[in-house]
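Undergrad: So the sequence lines, in the order shown, correspond to chains A and B.
Residues in the first sequence are numbered from 1 upward in steps of one, following our numbering.
Residues in the second sequence are numbered from 1 upward in steps of one, following our numbering.
Some clues are possibly wrong.
Any copy will do: because identical chains look the same in the list, a pair fits if it lies in one copy or spans two.
To be verified - Straight-line Cα separation of at most 27 Å, DSS-like style, residue types lysine-lysine; simulated pairs:
| id | residue 1 | residue 2 |
| --- | --- | --- |
| 1 | 296 | 54 |
| 2 | 289 | 404 |
| 3 | 404 | 296 |
| 4 | 70 | 289 |
| 5 | 305 | 31 |
| 6 | 70 | 155 |
| 7 | 404 | 96 |
| 8 | 314 | 31 |
| 9 | 404 | 85 |
I should point out that these hints are in silico values taken from the structure, not numbers from a laboratory.
So you can see what is in the structure, the chains are spelled out below.
There are 2 protein chains.
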Amino acid sequence: MRQLSTQDTDFEQQLATLLAFETVNDANLLKTVDDIIAQVRLDGDSIVLALTQKFDQHPATSIHELELSKDSLAEAFATLDDEAKTALTTATTRVKDFHQRQVQETWQYEDELGNRLGQKVTPLDRVGIYVPGGLASYPSSVLMNAIPAKVAGVKEVIMVVPAPKGVLNQLVLAAAHLAEVDRVFTIGGAQAVAALAYGTETIPQVDKITGPGNKFVAAAKRAVFGQVGIDMIAGPSEVLVYAEGEADDRADWLAMDLLSQAEHDRVAQAIFVTTCPKQLAAVAIEIEKALNNLPKADIARDSLKHRGALVLVKDRSEGMAVINRVAPEHLELSVNDPDALLNDIRHAGAIFMGRHTPEAIGDYCAGPNHVLPTSGTARFSSPLGVYDFQKKSSIIYCSESGSKPLAKTADILAQREDLDAHARSARYRYQ
Amino acid sequence: MRQLSTQDTDFEQQLATLLAFETVNDANLLKTVDDIIAQVRLDGDSIVLALTQKFDQHPATSIHELELSKDSLAEAFATLDDEAKTALTTATTRVKDFHQRQVQETWQYEDELGNRLGQKVTPLDRVGIYVPGGLASYPSSVLMNAIPAKVAGVKEVIMVVPAPKGVLNQLVLAAAHLAEVDRVFTIGGAQAVAALAYGTETIPQVDKITGPGNKFVAAAKRAVFGQVGIDMIAGPSEVLVYAEGEADDRADWLAMDLLSQAEHDRVAQAIFVTTCPKQLAAVAIEIEKALNNLPKADIARDSLKHRGALVLVKDRSEGMAVINRVAPEHLELSVNDPDALLNDIRHAGAIFMGRHTPEAIGDYCAGPNHVLPTSGTARFSSPLGVYDFQKKSSIIYCSESGSKPLAKTADILAQREDLDAHARSARYRYQ
């Protein structure tokens, strides 16, 4: 596993290389995706069914067989063992509790002229959530996408999840039941994104599509952006764990936290940053030890080899600079005084504070969303939240007297912009 | 000008045709834009200068001549006449006042287990605002893009504005001075977007790009989305004016409000919706009258002919349905009781309430932003605001005892997702 130090003369360059990750912009892929979208717009249900039969080897013979009933979701939950039921229910409750605090309300105020200004907040009417199928089909993703939408007040949440060979993950369906998803279609890929964006005879058109997916899904989301809203183009998952070699640190804990990211994906990224050379060496040893006995060791090794790093910094201030440079999706602060660092952290998707807050707790049940900005996009974007499922309309009410001075100002500025009808429209209100 | 009625058997189809507007997806345009972006990433300053010389016929011979000093902005303001100074200053003050109410703050709370959860709010570090040059170079756009960024706490606002043949609009520069823009480069097109997204030797890389532009700018923004944040892909501007033929309505005012949209652009859209056939006829007559004496009559006629409509609805409830179907960028409610309608309006960028609130007041100086979702995207997006220049990071702090039950739940769910390192990382915290 690569080791870097801020003392290296080419540290900046090494860090830039480590972080470089471009989403595939393969022209063939884009063409395929564009073609699928065009076909779905033209042929609707029939092509969605045909592509699902082809790509997912799904045995359905009609589009209606691709929709799951609400009863089947309830049934999936009912047949779970108690341990799973309790865990999923706990996660649901906690995620709902947290997100309820994100709800925004309409506000209005009166200005000194007697005009009323404000912002009306309205939930989106209908949204689609994409849940990957097959190996990486996660019930937790269902909760994290559907719950904020429901808390926002979205009337209809449509979930799509591919079912390769018709096989479904029962935990995913149970999660859809708990999260009160309204309709589920077992479709996936660019065809599912296109169906949600434009609607077909059977699949309703939505206003926004959220949720992760493979490169076809990512390309399709980018292509339909504007027709519908999208959450983000997700890149590989990353964690940055920061420590300072304090007495309470446990190298085996730190190593396992890094591995919990590395086991996700061969392109996942785990970075350890420490001010202490001894701790850096100890964590390297513990990673090797743990890898000897990890089911997904093969994936994790690849991830650590190609995208992982152990980074030595001189002091806390350098540590903070590296964190802000990386703008990590997940940031763990394994220090005695994590609150002291909070002000200096400008870019991170989620901040896990102290030694008893591993990323895994946030992935499942702490409450905050696990859909987070990746690949440095925490510089400008936020965790998925209720705010993604509410939108705002400005409210402007001018009284007859309050309108006059504003109309005068608008008249003057409109004339300077050579917009004569604007100016006259304003002038009517004060002359 | 086309007249529709909800009584027409094909009303739905006619309305769909009226609203259909797809942003250009011309393959040649996309290729040109992709090539420009690739060149700028490779060659930086030199290609930005060369393209500016070529496309804008700008006389500069070095990239540094393309940057304006802060003094030149102050100078542009100082040389304005008093009327313009006062109008711009009033607009600045009101826009700032409104946007200050949108500032979001960091929050945290303690759960019943003694864990702390919350959301840290941080301004973006550096943003770019695109201001069109030439004919449609509007000082109001500078205020509406730069002020929310500054109110959010963005440290550095970089403005780009093309200067065809080196000529600049002094009002635009004066607005940049008032809005406290930090740096201005006189560049435009896809090359300006690429320079802001990736940075060059001279032009700093930003975290988000906002502001309208031509089709090259729109395509470039879509292409760099993910590398940086963007506000939206803006379509043509639209207004929907709603009235019910009440005694206080003035057909000449309503006509001028529609024309103030139509004069913007040949593809701008002005729609009048009324429950009253007599009012519909009267507004049609007033539009014709006003067109006889409007500098931009030619543009407005084209816009009204191809994209405008006068729509007759049976009653208020049908009116609200048409409004929500259109999801207009600007919505004027010319009725005695606009507040009574507010609850039923689900989709609109900005709502102008009552007869004394023409869109023009909102365009310049009411306070709310004039950068609004177009082409029906008010279904899922919001006016530009301070929230576009702040982002959130989740805060999760688990106490030693509060961590244990959550770690247990995470352990169980991680096992069900076959993520062993996740499970072990959680288990360390409770065993």
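Undergrad: Are there hints from earlier that the structure breaks, and if so, what are their numbers?
TA: 1, 4, 5, 8
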